[in-house]
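Number of protein chains: 2
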Amino acid sequence: MRTIDWDDEKEVVKLIDQTLLPVAYKIVECSRLDELIDAIRRLKVRGAPALGVAGAFGVVLACMQVRNEPELEAELEKLRKARPTAINLSYGVNRALQAAMRGRTPQEMRNYALEEAKRLAEEDIAVNRKIGEYGSELLDDGDVVLTHCNAGRLACVDWGTALGVIRTAIGQGKMIKVIACETRPLNQGSRLTAWELLQDKIPVTLITDSMCAVVMREGKVNKVLVGADRVVKEGVFNKIGTYMHAVVAKAHKIPFYVAAPLSSFDTKRSCKEVEIEERSPEELIFSGEKQIAPLDVRVYNPAFDFTPFELIEAIITEKGVVRPDIHA
Amino acid sequence: MRTIDWDDEKEVVKLIDQTLLPVAYKIVECSRLDELIDAIRRLKVRGAPALGVAGAFGVVLACMQVRNEPELEAELEKLRKARPTAINLSYGVNRALQAAMRGRTPQEMRNYALEEAKRLAEEDIAVNRKIGEYGSELLDDGDVVLTHCNAGRLACVDWGTALGVIRTAIGQGKMIKVIACETRPLNQGSRLTAWELLQDKIPVTLITDSMCAVVMREGKVNKVLVGADRVVKEGVFNKIGTYMHAVVAKAHKIPFYVAAPLSSFDTKRSCKEVEIEERSPEELIFSGEKQIAPLDVRVYNPAFDFTPFELIEAIITEKGVVRPDIHA
Chain A
0 MRTIDWDDEK
10 EVVKLIDQTL
20 LPVAYKIVEC
30 SRLDELIDAI
40 RRLKVRGAPA
50 LGVAGAFGVV
60 LACMQVRNEP
70 ELEAELEKLR
80 KARPTAINLS
90 YGVNRALQAA
100 MRGRTPQEMR
110 NYALEEAKRL
120 AEEDIAVNRK
130 IGEYGSELLD
140 DGDVVLTHCN
150 AGRLACVDWG
160 TALGVIRTAI
170 GQGKMIKVIA
180 CETRPLNQGS
190 RLTAWELLQD
200 KIPVTLITDS
210 MCAVVMREGK
220 VNKVLVGADR
230 VVKEGVFNKI
240 GTYMHAVVAK
250 AHKIPFYVAA
260 PLSSFDTKRS
270 CKEVEIEERS
280 PEELIFSGEK
290 QIAPLDVRVY
300 NPAFDFTPFE
310 LIEAIITEKG
320 VVRPDIHA
Chain B
0 MRTIDWDDEK
10 EVVKLIDQTL
20 LPVAYKIVEC
30 SRLDELIDAI
40 RRLKVRGAPA
50 LGVAGAFGVV
60 LACMQVRNEP
70 ELEAELEKLR
80 KARPTAINLS
90 YGVNRALQAA
100 MRGRTPQEMR
110 NYALEEAKRL
120 AEEDIAVNRK
130 IGEYGSELLD
140 DGDVVLTHCN
150 AGRLACVDWG
160 TALGVIRTAI
170 GQGKMIKVIA
180 CETRPLNQGS
190 RLTAWELLQD
200 KIPVTLITDS
210 MCAVVMREGK
220 VNKVLVGADR
230 VVKEGVFNKI
240 GTYMHAVVAK
250 AHKIPFYVAA
260 PLSSFDTKRS
270 CKEVEIEERS
280 PEELIFSGEK
290 QIAPLDVRVY
300 NPAFDFTPFE
310 LIEAIITEKG
320 VVRPDIHA
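Protein chains in written order, with numbering that gives the first Met the number 0: chain A, 0 to 327; chain B, 0 to 327.
Some hints could be false.
To be verified - Short, incomplete list of chain B residues facing chain A, as computed with Cβ under 7 Å: (1) ASN186; (2) SER189; (3) ARG190; (4) LEU197; (5) LEU205; (6) ILE206; (7) ASP208; (8) MET210; (9) GLY240; (10) MET243; (11) VAL246; (12) VAL247; (13) ALA292; (14) ARG297; (15) VAL298; (16) TYR299.
Hint data in this document are derived by calculation from the structure and do not stem from the laboratory.
If you're wondering where the values come from, they're calculated on a predicted model, not measured in any experiment.
Idealized CB from N, CA, C, for every residue including glycine.
Build out the structure end to end from the sequences listed, making use of the hints.
Printed below as a string of structure tokens:
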């Protein structure tokens, strides 16, 4: 099934519980907004494009629960703030809300929101396919692509942004291999990217994030390709570690690409205005149930970082490949 | 107690089981060489200087078990190869073996080996103190030092190399804070460095390895200081991730220092001649008992990497601070 979807019969949001992969594949159903917000906070659903669709479906749930507009707005503000860094969550909420506003009754509002949310989900797939087409022109037969975190179908409704580009290139007959960085502290690379690539029989090798420099020096990598949570005036916000990979790629003269839908663009905003979510110290102190650091150690745990355009060769969007002005 | 020591009453090697820290502090006793080799392979004792002393004590155990010289040599070859990258293990074995050779009976050989092993342990502490003195001149009051893996007292008999420098600087009244990188895949930074610094009430903040670039750009780090497993003609072998930190430090104009005893120097050898230990894929697929990646994913898991002198500002030894010729 899709990463996230609407169940017309049950009137619930269905999503693949990404916290359980790769050990278990389980579908979670959210019939209430607070369940969906909880799923977002716990990263049962994550990835900027998927969060956009989650936001839109959240509006549908909200319309069915509230009694008036101020209540609706209050609920949606909680939803938008469930995760602050990716712009898509707010984008999805706002699109479905705008559609809902055409309705005169709660039922009508809910119907308009649902129609828009479903449209957004379809668009997401179409957009990823276009990103795949444009991006695949940058990949050559025989390339080994290093990626970080998960910008695959699990980060979207289907297909994926960065991994979608790889899927499209492989579909064109190119032989592409992937090096997946495990992506500490939550191991989206090990748990999700490795899993979804193996499902598709795409060759993937798992490394620790700290091995990036060695594999680049050893000539084991030709290109770096990642997703984005938000593109601003001066560069790109993405999963913590992205900036490190970009610095190391530059030092080894390896091109660094970002694949992102235009819905992740927020280019009127400066990097200084974006809140970087800082997550719980427990993510570094525990691994599952197992304690791996002293309980009283101080931890710095930003979930995202900022990579300036200077380090980015090109951004792949559904409208084409954008080369930041800086390279002009 | 010391990280590794000899128990005269029980005639065993005692060591702190580093695989259990920080959750449990337990002393392991090895009365037979195969137990010690197993402890080395499982990283119950690790760190180049501590491995040197372990190697020397291993000779003592071997002398008590074998019937003749060829048997002794065969046992010691197993010991030397328990971990191939750090030079100190062979160095410690060879020093104690040379001493043992002065003996005419197994008992005499054992006694000479023990005397030499104990001398090596005392030397290690003295050497670390000297490294601390020389290295502390490079640290300024107010510095925040980023370190990787554990080059502390748990990597040595006591005091530590990189962390020993920090201890000495703090002893001189300088205010020094540490950023410890967790050091995937085995988390020596989280489990050991964070633990031993907290024991000494030295301020430490834990980050994932992939946050190195962000903390450097944000001005949260003034210096990088790590240990070494082997210093060769062109640079330094150390825990995987070290090269990445060196590349990123260079890009942010942050000096990168290595602290290493001369017993880790093997400068007649080229980097191409050194075997980099590749460890089990399970280190990335499991975290403790918990599965965090697909069981069938391909894994690349070198335990060490090579950092060329070009990226190293200076190496701190017990004889003084060496600036690689490259900077001349």
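- prompt: Per the CB criterion, is B/SER189 less than 7 Å away from chain A?
  reply: holds, 4 Å
- request: So, B/LEU197 near chain A? Judge it on the closest CB pair being under 7 Å.
  value: holds, 5 Å
query: Hint check: is the beta carbon of B/VAL247 less than 7 Å from a beta carbon of chain A?
result: holds, 5 Å
message: Checking hints one by one. Is B/MET210 an interface residue toward chain A, by the C-beta closer than 7 Å rule?
response: Holds - the Cβ of B/MET210 comes within 7 Å of chain A, reaching about 6 Å at its closest.
- prompt: Taking the closest Cβ pair, is B/ASP208 under 7 Å from chain A?
  reply: It holds, given that the least Cβ distance between B/ASP208 and chain A is near 4 Å, below 7 Å.
message: Restraint: B/LEU205 near chain A, CB-CB cut 7 Å. Satisfied or not?
response: holds, 5 Å
task: Closer than 7 Å between Cβ atoms is the bar; does B/VAL298 clear it against chain A? Give me holds or violated.
output: holds, 5 Å
field: Interface hint compliance - B/ARG297 to chain A, C-beta minimum distance less than 7 Å
entry: holds, 5 Å
task: Classify the hint on B/ILE206 as holds or violated, based on whether any CB of chain A lies nearer than 7 Å to its CB.
output: holds, 5 Å
message: A closest beta-carbon separation below 7 Å is what the hint needs, so does B/VAL246 meet it against chain A?
response: holds, 5 Å
task: Using Cβ atoms only, decide whether B/ARG190 comes closer than 7 Å to chain A, and label the hint accordingly.
output: holds, 6 Å
field: Interface hint compliance - B/ALA292 to chain A, C-beta minimum distance less than 7 Å
entry: Holds - the Cβ of B/ALA292 comes within 7 Å of chain A, reaching about 4 Å at its closest.
Violation of the numbered hints given earlier is absent; every hint is satisfied by the structure.
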